[in-house]
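Please construct the entire structure, taking both the sequences and the accompanying hints into account.
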Amino acid sequence: MKIVLGLILFCVAVARAADKPNPLENGVYDYHRRIGIPEALRLQKLESESSDAQRIIGGSTTTVLSVPYQAGLIMRVLIFTSVCGGTLISDTRVLTAAHCINDGNNIAQSIQVILGANFLFSGGTRLDTTNVVLFPGYNPWIAANDIAVVRIPGVTFSLTIQPIILPSGSEINSNYAGTNAVASGYGITGDGQSVSLTQTVKSVTLQVITNQVCANTYSVIQSHHLCTSGAGGIGICGGDTGGPLVATVNNRRILIGVGSFTANSGCQAGLPSGFTRVTSFINWIHAQ
Numbered sequence: 001m002k003i004v005l006g007l008i009l010f011c012v013a014v015a016r017a018a019d020k021p022n023p024l025e026n027g028v029y030d031y032h033r034r035i036g037i038p039e040a041l042r043l044q045k046l047e048s049e050s051s052d053a054q055r056i057i058g059g060s061t062t063t064v065l066s067v068p069y070q071a072g073l074i075m076r077v078l079i080f081t082s083v084c085g086g087t088l089i090s091d092t093r094v095l096t097a098a099h100c101i102n103d104g105n106n107i108a109q110s111i112q113v114i115l116g117a118n119f120l121f122s123g124g125t126r127l128d129t130t131n132v133v134l135f136p137g138y139n140p141w142i143a144a145n146d147i148a149v150v151r152i153p154g155v156t157f158s159l160t161i162q163p164i165i166l167p168s169g170s171e172i173n174s175n176y177a178g179t180n181a182v183a184s185g186y187g188i189t190g191d192g193q194s195v196s197l198t199q200t201v202k203s204v205t206l207q208v209i210t211n212q213v214c215a216n217t218y219s220v221i222q223s224h225h226l227c228t229s230g231a232g233g234i235g236i237c238g239g240d241t242g243g244p245l246v247a248t249v250n251n252r253r254i255l256i257g258v259g260s261f262t263a264n265s266g267c268q269a270g271l272p273s274g275f276t277r278v279t280s281f282i283n284w285i286h287a288q
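Quick note on numbering: full-length UniProt numbering labels position 240 of the sequence shown as 240, and the sequence is numbered without any gaps.
Any given hint could turn out to be false.
In silico lysine to any residue, SDA-like type, Cα no more than 20 Å apart, as pairs [to be verified]:
#, residue 1, residue 2
1, Lys45, Arg34
2, Lys45, Gly123
3, Lys45, Gln112
4, Lys45, Arg33
5, Lys45, Phe80
6, Lys45, Arg151
7, Lys45, Asn118
8, Lys45, Gln109
9, Lys45, Ser122
10, Lys45, Arg76
11, Lys45, Thr81
12, Lys45, Ser66
Hint data in this document are derived by calculation from the structure and do not stem from the laboratory.
What follows is the structure, encoded as structure tokens:
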């Protein structure tokens, strides 16, 4: 009887383990140890050498004047520094990915929000905060509901610091498939990319694909996800997550995605970039 019971318990444990999502499939779980902390060290070194890293994959050098809503996040995680992107949505709110705050293994103890800066570790306006709200249904194992609001002291708008517009009206019902949108960030060096001159924030134009197409690559895809094509080896990379994906609709720029995950096989593998779909959380965002 004991042997039979033991076999039953073993089979149940195996079944549960098989059902447990692979935390590394989407690059969200344990983000800080795997990506954020190494990227912070790399960026600090490059900035001190006045060098330029290829970050947004397949993108081009820009300035914060072109993306004045771009925010950088520098987090204190244990005794280390980690980095992420973010998006200014009002004078007191920055939108980012929940995994930038809590990756399921490490939690940021403090956050510095950087606005109006071409460089992540120098210049611009820098605001310290610990006031963060994660979406209640966030699950780092499957990159579900990967969104958070960072509350900051009021910031003064300028040419280099401007909030992005959130979708409204009929824009909320669009899936944006086929739309070209701009991702920007301070993120990681692309797989094997060399270093060039004049380091600054980078941006790239990506095409939104359907969730059905994206699900062929990532089993975690749900309705609140949004993906962009990786054809040609372009997309976001580590350190860019949490940052903006912006589309031009009706002659105005609106935020449609928050960087969430990339392929575990590499940023230039030609696979989709994953974002949190802003329209799925619009009421919650406004309530914060």
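Hint check:
no.: 1; hint: Lys45 <-> Arg34; in the structure: 18 Å, holds
no.: 2; hint: Lys45 <-> Gly123; in the structure: 16 Å, holds
no.: 3; hint: Lys45 <-> Gln112; in the structure: 19 Å, holds
no.: 4; hint: Lys45 <-> Arg33; in the structure: 18 Å, holds
no.: 5; hint: Lys45 <-> Phe80; in the structure: 15 Å, holds
no.: 6; hint: Lys45 <-> Arg151; in the structure: 29 Å, violated
no.: 7; hint: Lys45 <-> Asn118; in the structure: 16 Å, holds
no.: 8; hint: Lys45 <-> Gln109; in the structure: 23 Å, violated
no.: 9; hint: Lys45 <-> Ser122; in the structure: 12 Å, holds
no.: 10; hint: Lys45 <-> Arg76; in the structure: 18 Å, holds
no.: 11; hint: Lys45 <-> Thr81; in the structure: 13 Å, holds
no.: 12; hint: Lys45 <-> Ser66; in the structure: 25 Å, violated
In this structure, the earlier hints numbered 6, 8 and 12 are contradicted, and the remaining ones agree with it.
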